[in-house]
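Number of protein chains: 2
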Amino acid sequence: MPQDIYDKIMMVAKRRGFIYPSFEIYGGIAGFYDYGPLGSQLKNNLENLWRRFYLLQDNCVEISTPTITLCEVLSASGHVEEFTDLTVDCSRCKRSYKVEDIIEKGMTIEQAVKENKIICPTCKATLHDAHPVNLMFSTTIGIGEGRKAFLRPETAQGIFTNFHLLYQYSRKKLPFGVVQIGRGYRNEISPRQGTLRQREFSMAEAEVFFDPKDKTHPLFNSIKEKELFLYDNEKELKVSVADAVKKKIINNQALAYYMYLTQDFLLTAGVDPKKFRFRKHAANELAHYAVECWDAELQSERFGWVECVGIADRSAYDLNAHIESSSVDMYASRAFEQQREVMMKKVVPKMNVLGPRFGGKAGKIKEQLEQLDAATVQKIMVTVDGEPIEIPKDCYEIVEVTEKQTGEKFVPHVIEPSYGIDRILYFLLEHNYTEEKKKDEEYTVLKLSPRVAPIKTGVFPLIGDENLIQIAKKLDAELRKDGISTYYDESGTIGRRYARMDEIGTPFCITVDHDTIHDHQVTIRDRDTTKQERRKIEDIVQYMKEKISL
Amino acid sequence: MPQDIYDKIMMVAKRRGFIYPSFEIYGGIAGFYDYGPLGSQLKNNLENLWRRFYLLQDNCVEISTPTITLCEVLSASGHVEEFTDLTVDCSRCKRSYKVEDIIEKGMTIEQAVKENKIICPTCKATLHDAHPVNLMFSTTIGIGEGRKAFLRPETAQGIFTNFHLLYQYSRKKLPFGVVQIGRGYRNEISPRQGTLRQREFSMAEAEVFFDPKDKTHPLFNSIKEKELFLYDNEKELKVSVADAVKKKIINNQALAYYMYLTQDFLLTAGVDPKKFRFRKHAANELAHYAVECWDAELQSERFGWVECVGIADRSAYDLNAHIESSSVDMYASRAFEQQREVMMKKVVPKMNVLGPRFGGKAGKIKEQLEQLDAATVQKIMVTVDGEPIEIPKDCYEIVEVTEKQTGEKFVPHVIEPSYGIDRILYFLLEHNYTEEKKKDEEYTVLKLSPRVAPIKTGVFPLIGDENLIQIAKKLDAELRKDGISTYYDESGTIGRRYARMDEIGTPFCITVDHDTIHDHQVTIRDRDTTKQERRKIEDIVQYMKEKISL
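Chains V and U supply the protein sequences, listed in that same order.
The working numbering applies: residue 932 is where the first sequence begins, and numbers increase by one.
The working numbering applies: residue 932 is where the second sequence begins, and numbers increase by one.
Derived from the structure by calculation, the hints contain no laboratory data.
One thing to keep in mind: the hints can contain errors.
Given that identical chains are not distinguished, each listed pair holds provided it fits within a single copy or across any two copies.
[What the hints assert, rightly or not] Here are the simulated BS3-like cross-link-like pairs (lysine-lysine), alpha carbons at most 27 Å apart as the crow flies: (1) Lys-1405 / Lys-1103; (2) Lys-1146 / Lys-1412; (3) Lys-1476 / Lys-1404; (4) Lys-1404 / Lys-1104; (5) Lys-1155 / Lys-1412; (6) Lys-1404 / Lys-1146; (7) Lys-1281 / Lys-1310; (8) Lys-1179 / Lys-1025; (9) Lys-1104 / Lys-1324; (10) Lys-1412 / Lys-1478; (11) Lys-1405 / Lys-1155; (12) Lys-1467 / Lys-1177; (13) Lys-1476 / Lys-1405; (14) Lys-1055 / Lys-1166; (15) Lys-1310 / Lys-1368; (16) Lys-1292 / Lys-1467; (17) Lys-1378 / Lys-1412; (18) Lys-1079 / Lys-1310; (19) Lys-1295 / Lys-1335; (20) Lys-1155 / Lys-1178.
Taking the hints into account, I'd like the entire structure generated from these sequences.
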């Protein structure tokens, strides 16, 4: 059977140390992959490039929260209820299938269920009783009954549950963005599509908080003339960022800005622009928390167009959900242009009840109660010295008062670009994989961008002469000391050594030869042009840094 | 109650955005912490500094494997059996305790159990039936019965189970090192000690594979004169790396080399050398896989000496365990100086049995069987096209033959430096936290090393003049474009802005003033000396890069 490009890439990936199937010595299991030495470095470089875009260019901040997440968080966010796949079980084959995976092409899930057209792909029996199955991995914290928890399905909730602290960090100014890079988990029923559908994956998410009355972005003007590659489910179109917003193709500036940032990031990382587009979600595709969503899709020879980034307007969905479930004040505030008189429901603590009941804590409870907006909270919880305390109704009154206010509270909206790092990484391999014949032999070159290439340069002594080896090793150590990853190699012909580097995407090779001893110059060979030039040894570190934009 | 240093640091850490207790809006749970914007950046910087030492200086490679780990892996490694804490339950209080946490100071666990001296710290009842409780979080992959799995207790097993592929990556040369940085999990019975004992933590581990007959390190000579800070459980001593090995204080060069690398890393990161030492594990402290282990301990005002890095000689324990459980060839080989004749047990496939039984796969099975060393495998498993197949005994014979051999196979030994990133991060805060009085106000300076400081420089216009703001914002953007994290601030007095930066450890502040408009120079203020100097704007990026060793 002739191999397709996915098979070829996965073979090279395993042989050369990019990607290994996990737990292979114990038979393996679908949906888990390891990154070998080159894959891991490629992933680090990709994530660090992403940080350049989101932290340094867009001025977001990064946080890092646990992968184990308390059930309460994911109940509030809707994942316990909604993060499901419709599933059928075949009692004959003793296997379960995701309905979406096994229905006829062109048929919707609803149709298939209604018309009894769900067929077991193994035994061909008609399957019934399609039921939602939650896709979160569950575990228990502590022993005995412990506390129920899940592995996070997204990193976003770790950001939402800290909103009040992050809003304080931003000195109460909107918009501000918070990102998280880390593992996410999805206990797929029966994952297919290899590395594109993993049960444990790496994601990079940004949650950018906006005043819903002002979804503009401070850097919008700097990119508004750039072109976006859009697909409206019928045809592809190129349109400027500004026009896309003006013509309401994209709902607001913020969403359009992050779509362009995403496009810029992906093309900088090395995605083929001819195999890139944004596709808008139809209403029935939207996740339970989204009001508008665009997918950045990349095209694969085997898999067709694949979603790699989702850029969603989550509106106030998540913050509202956590305010309601936790009763914690997670509002932002905006100043009025002039002072207003407002009717308000205030919580008035009864100290004569609070005092005897809560002793030394009563003062702190009183302070917190006075901050609450009684119109928006139901059950009143406060946290004193880290301990959550429910305040019974007889401890306070709710009173309507007229207040002069200089501003008002509101729940911010969220624009979320959410990146699947593993998918993007796979596409960097597929889009940059090239084959040619050299002297009748298959010769593969992986044309990775110098920004993300795992190894930046090979360092070779031309032959095994001790003088050349010494110079080459010294140069190798200097490059490494300055943060440039190298591969020192003295075995085989130079051609063979170039070939090894070409196959793993190393953009440069530096060779020390006999002339080096006299002229202190080395030869730098460019992977893509195969051109060679000579440069002084002492200039090499700086030259390489510029080439790889370090 | 006067606060101790831990309380003070945790207060600043929460207020300024280093560390938040996780899930606090839902009451929180012990053993989980979030890193806020500054903590997350500090952690990234610390991990990247670690990569500089291990990947670029020591030439290790990095891999990245799932946190969810098949039960088979952790059964083989001994964790299912051995990764436990001795625990007692109090039936009156309905709580469980780790025995070690609640016994009298100076008493050993064995004594306490034998003499019935385990007392409930809450109700003072004498507790019995101490029993081991496994500390791994468990979960299930897939639905229905699924497959049993755990969250990894260490990243190391992901390296060991890929040894054969990594050995191929290293082109079959020893020694070579493989690192992994990522989350580890330990379902503590009832964690105390705040951020120092987390249930989900970040670790950085290196597994360096050596020929057991040659535990030398290629870079040993470059560090052999350096001094190590050792503690032999009685007194502290300073001794050169070379002497420590010569006098057998440390068993071999490899172990001593990684101890020095660890010391160098920690001191470079900003640990106080007066609060640092290596302590050797007593025999009864050793983990189930270790034959010798040294802890790098850091001293805390509240917690005393705390283990932050363990440097263990794991010998061939793990590779042997996986060879035995998986029957996969995970040997290394060493060449003989001259050819030898060796008696061997070989597996001779019976094609007349294999052919009919396995059809088209028989050829591949035969090839694999012929590679096996019958002296070391019990059950024969081969893997054909990703499918593991057990080969019954009637498919082959075992024959003794005399072979000429040019080398022999062996199981490499492993030296493992294992770092607790969260603990080191906490100690960077404690060791660099300083208080002084300024005009009768408490003034705190966090003297973080520029290498790890989350923000490298503040950028301020002296006053809110539009001209100054424009210059400052342009400089800010240029610094960020070159990868330098900044904090732009135009609010409050300059003194107040310096104070904000001092409190979070920012080593430099750059101020644009009216003179800047004419002389194109800005003022750089050094956090620790508070000295100011003027420099040209166009030199600032390069100046900062040198200061922070980027």
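Going down the list of hints, with the structure as the test:
In the homo-oligomer, the alpha carbons of Lys-1405 and Lys-1103 lie at most 27 Å apart only across protomers (23 Å), although the nearest pairing inside one protomer, at 52 Å, exceeds that limit. Proximity of Lys-1146 and Lys-1412 under a CA criterion of 27 Å is satisfied inter-copy only: 25 Å between copies versus 45 Å inside one chain copy. Both within a single protomer and between protomers do Lys-1476 and Lys-1404 lie at most 27 Å apart by alpha-carbon distance, with minima of 19 Å and 26 Å respectively. Within a single copy, Lys-1404 and Lys-1104 get their C-alpha atoms only as close as 52 Å, which misses the 27 Å cut-off; across copies the closest is 17 Å, which meets it.
In the homo-oligomer, the alpha carbons of Lys-1155 and Lys-1412 lie at most 27 Å apart only across protomers (20 Å), although the nearest pairing inside one protomer, at 41 Å, exceeds that limit. Taking the shortest Cα distances, Lys-1404 and Lys-1146 sit within 27 Å of each other only across copies (23 Å), while inside one copy they are farther apart (54 Å). Proximity of Lys-1281 and Lys-1310 under a CA criterion of 27 Å is satisfied intra-copy only: 17 Å inside one chain copy versus 75 Å between copies. Proximity of Lys-1179 to Lys-1025 under the C-alpha cut-off of 27 Å is found in neither arrangement, the shortest distances being 50 Å within a copy and 60 Å between copies.
In this assembly of identical chains, the alpha carbons of Lys-1104 and Lys-1324 never lie at most 27 Å apart, being 35 Å within a copy and 72 Å across copies at closest. Proximity of Lys-1412 and Lys-1478 under a CA criterion of 27 Å is satisfied in both settings, with 17 Å inside one chain copy and 15 Å between copies. Proximity of Lys-1405 and Lys-1155 under a CA criterion of 27 Å is satisfied inter-copy only: 20 Å between copies versus 48 Å inside one chain copy. In the homo-oligomer, the alpha carbons of Lys-1467 and Lys-1177 never lie at most 27 Å apart, since the shortest distance is 53 Å inside one protomer and 43 Å across protomers.
Taking the closest pair of Cα atoms, Lys-1476 and Lys-1405 come within 27 Å of each other both inside a single copy (17 Å) and across two copies (23 Å). Within a single copy, Lys-1055 and Lys-1166 get their C-alpha atoms no closer than 37 Å, and across copies no closer than 75 Å, so neither meets the 27 Å cut-off. Taking CA atoms no more than 27 Å apart as the test, Lys-1310 paired with Lys-1368 passes in neither setting, with 72 Å inside one copy and 44 Å between copies. For a Cα distance limit of 27 Å, the shortest separation of Lys-1292 from Lys-1467 qualifies neither inside one copy, at 72 Å, nor across copies, at 56 Å.
Both within a single protomer and between protomers do Lys-1378 and Lys-1412 lie at most 27 Å apart by alpha-carbon distance, with minima of 26 Å and 25 Å respectively. Proximity of Lys-1079 and Lys-1310 under a CA criterion of 27 Å is satisfied intra-copy only: 22 Å inside one chain copy versus 39 Å between copies. Taking the shortest Cα distances, Lys-1295 and Lys-1335 sit within 27 Å of each other inside one copy (25 Å), while across copies they are farther apart (83 Å). Proximity of Lys-1155 and Lys-1178 under a CA criterion of 27 Å is satisfied intra-copy only: 13 Å inside one chain copy versus 70 Å between copies.
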